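> First to last, the protein sequences are chains A and B.
Residue numbers for the first sequence follow our numbering, so the first one is 1 and each next one is one higher.
Residue numbers for the second sequence follow our numbering, so the first one is 1 and each next one is one higher.
Note that these hints are calculated values from the structure, not bench results.
Treat the hints loosely; a few may be bogus.
Heads up, simulated DSSO-like pairs for lysine-lysine below, C-alpha to C-alpha not over 30 Å straight-line [what the hints assert, rightly or not]:
(1) A/K298 <-> A/K283
(2) B/K83 <-> A/K270
(3) B/K74 <-> A/K303
(4) A/K298 <-> B/K178
(5) A/K279 <-> B/K74
(6) B/K78 <-> A/K391
(7) A/K199 <-> A/K233
(8) B/K78 <-> A/K339
(9) A/K339 <-> B/K92
(10) B/K125 <-> A/K280
(11) B/K68 <-> A/K361
(12) B/K68 <-> A/K280
(13) B/K68 <-> A/K283
(14) A/K279 <-> B/K78
(15) B/K92 <-> A/K399
(16) A/K308 <-> B/K74
(17) A/K303 <-> B/K78
(18) A/K338 <-> A/K270
(19) B/K78 <-> A/K270
(20) A/K303 <-> B/K92
(21) A/K361 <-> B/K83
(22) A/K94 <-> A/K73
(23) B/K178 <-> B/K102
(24) A/K233 <-> A/K92
(25) A/K283 <-> B/K83
(26) A/K399 <-> B/K74
(27) A/K308 <-> B/K78
(28) B/K83 <-> A/K303
(29) A/K339 <-> B/K83
(30) A/K308 <-> B/K83
(31) A/K199 <-> A/K270
(32) A/K338 <-> B/K92
(33) A/K280 <-> A/K270
(34) A/K279 <-> B/K178
(35) B/K78 <-> A/K280
(36) A/K298 <-> B/K78
(37) B/K92 <-> A/K280
(38) B/K78 <-> A/K283
(39) A/K283 <-> B/K92
(40) B/K74 <-> A/K391
Note that the structure is predicted; figures quoted are calculated from it, not measured.
Residues per chain are reported as follows:
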Amino acid sequence: MAAFVPMRFVLRITCRIPVCPTGGARQASHLTSRVSVASLQTIPAFPPIPVTAWQQTRQGSFFNKLTAEELWKGVLAESGAGARKGRGKRTKRKFKRDLNRGQNVGEGRGGFLWPGLNAPVLKDGTLQSMSRRGEAEQQEVQAELVRQRDEWERRRKMKVKRERGWTGNSWGGISLGPPDPGPNGETYEAFDSRVIEVKSVFNMTAKEGRKRSISCLVAVGNGNGAAGFALGKAADRTTALRKAKNRAIHYLYYIERFNGHTIYHDIESKFKRTTLRMKKQNKGYGLHCHRAVITLCKLIGIKDMYCKVEGSVNLLNITRALFTGLVSQETHQTLANKKQLHVVEFQSERGLLPIVVASPKDGARSDPEVEDEIPNTRLHWDDVRAAQGTKRSIWAGVKRTIW
Amino acid sequence: MAALCTARCSFRSCSSVKNVQKSKHMFRRCNVRTLCSGTQDNDSAKPQFTDPAVQDILTRITGLDLQKVFRPIKQELKPPTYKLMTDEQLEKAVQAATEQAKKLLQMPPVLPERKPINDVLSEDKILAGMDTAKYVFTDITYNIPHRERFIVVREPDGTLRKATWDERDRLIEVYFPKEGRKLTAPLIFKEENLKMVFSQDRHEDVLDLCLVQFEPDSSEFIRVHAATYEDLDKQGKYELLRSTRHFGGMAWYLLKARRVDGLLVDMLKRDLLQDAVSLVSLFNMVHPHSESAQEAVSQQVSGIDLLKIYSQKESQRSGYIELALQAYEQTDTRSSAV
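Chain A with its partners taken away, still in its complex shape:
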């Protein structure tokens, strides 16, 4: 049986180069049968081959008989044992390409002009007949086509630089733009969404075993007190991000801020094993917090705050603790109404001047607030040590330009 050296196929063109090795070169060719066939390596002196050797041609093969989709399915090999269970390598992935793009019915190598396909049917009222382009013109047209194809290829290959989140290669802190408009036409242009966490989670199923899915925690906010967060899960990352973003807009909280830049008072909120100690700061202090808390506060519209995360650092729990804590704040007006007393602010840079921030709506009561000499609050060991100066922290007095 003649060992056929496999020939490289180009669509519909049969290969005219006679490549039938004979005699002693057979063993070598057998070994190198997979290597490039149409190479112009010099064939050692053999008995002269008659020029009119029989060439194999085919009019139809699997190439013509299958649709483009089926052919690509075979080339890409997406379903197979290698693709399942996460065994496929990322670098070996091939991409489908539409090869018929740019081709018109009627355009060909010959350069014929067919009225109705290439050329207009009626020109100045007269019916035109088939004609042919000149050679130079045809070459121009072909060159133009090649240039256009190269342009498309370049555009496709161009990599858009992805903005960096909290670190390179981390999806935390990346903005996804405003959420998609709703079914009744409502748009959420004022809202910005930010990814907090992207992680791949696994679920054991009966048929496949470990089934991978991506879970995304996304928070949305308009910078003016309205914010919310949601979790979205899907098999691929973009779908999961989209789901989370569109779900978050349905779970909004409104958070009151003091003077639009900070919280009303120090808050300590706990959710599961995560404790958040938030302290009110003055204007210009910045957000001295965990990076996730900074992202969330920017979405809410809080500009100055100190926050310490204690216990577990699970991002979902931090988010929930933050929102529950901020929602449970007591504004100055509610405090005044509850206690029936004026809430008076004393700023250290203004000396002894009292500034009335809130008055009870029914008028103040006459008996004053009972104040012990030693206030009955629970102190934190960290704060005590910082106040006494026994805390040795290299990060305490560091000067940063951004927080």
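Given chain A, put chain B in place with the hints provided.
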């Protein structure tokens, strides 16, 4: 700029009270000296800056705007503290703030310029040519007032003389440095720099710095104050100094120069009629021989009529003052009719 703010900070921390006490003490001694030297009748008849009546009127026209007096100063910010108060506690807090404000608005003294010291203690020709530099001997005993310190200079030609006022100030600053005071005067007190600062409307900061740097009776102090008051009068920006401790000094300077028209017009513009009336009565007190004062005394008038007499007799901008008075009378009759 930092220097200006530290000047204001140091005032808030009540170091100014000590300053005024010392200079008041010194001023009384000065006053005694002038009483002994000059003609007694004229000086005792003329009202001085420290007279209680004069001070009372000046404090009244200075006003007491708590928001302006307790402006935030430039310091490291801390979050504010909150207290829950009843109405009475709130009133007490406001009263305490007012007391503090009154202390902060205490006026710096206005003194005549100090006479130069030309006292030679001895001339020793033996020591002439001994050295090329002057020697200054200062008495640094701790509990002597600075005005009574002995500071003497031995010149290279052998004369032993008392140090001049400039040398005295400089050496006292060397041995007993004061917070905010520099050895050499800051360059802001030069003429061209003062012009630039006035164009930025920072007259109050300049006056605070000047108060810290110079003694109240030094020539520099009087020069800077005069320049500031002149600029304010020229531009009509009296509002910059209202509710500050320098307003009294400015009013006194303008009264002495008999140029109160600008200030009066400014008061009428801002509907401060009572202040205008007190200003005119003070004018009459200070210049008892002027026409308006004599008219007022003869006719025993008070209130708006004082203003009318003043505008007729003394002022150059009588038209505006009369218009304002007419408008006030109209509103008065309308409100009384209603």
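> Going through the numbered hints above, which ones does this structure break? Give me the numbers in ascending order.
The structure conflicts with hints 4, 10, 15, 20 and 34, although it agrees with all the remaining ones.
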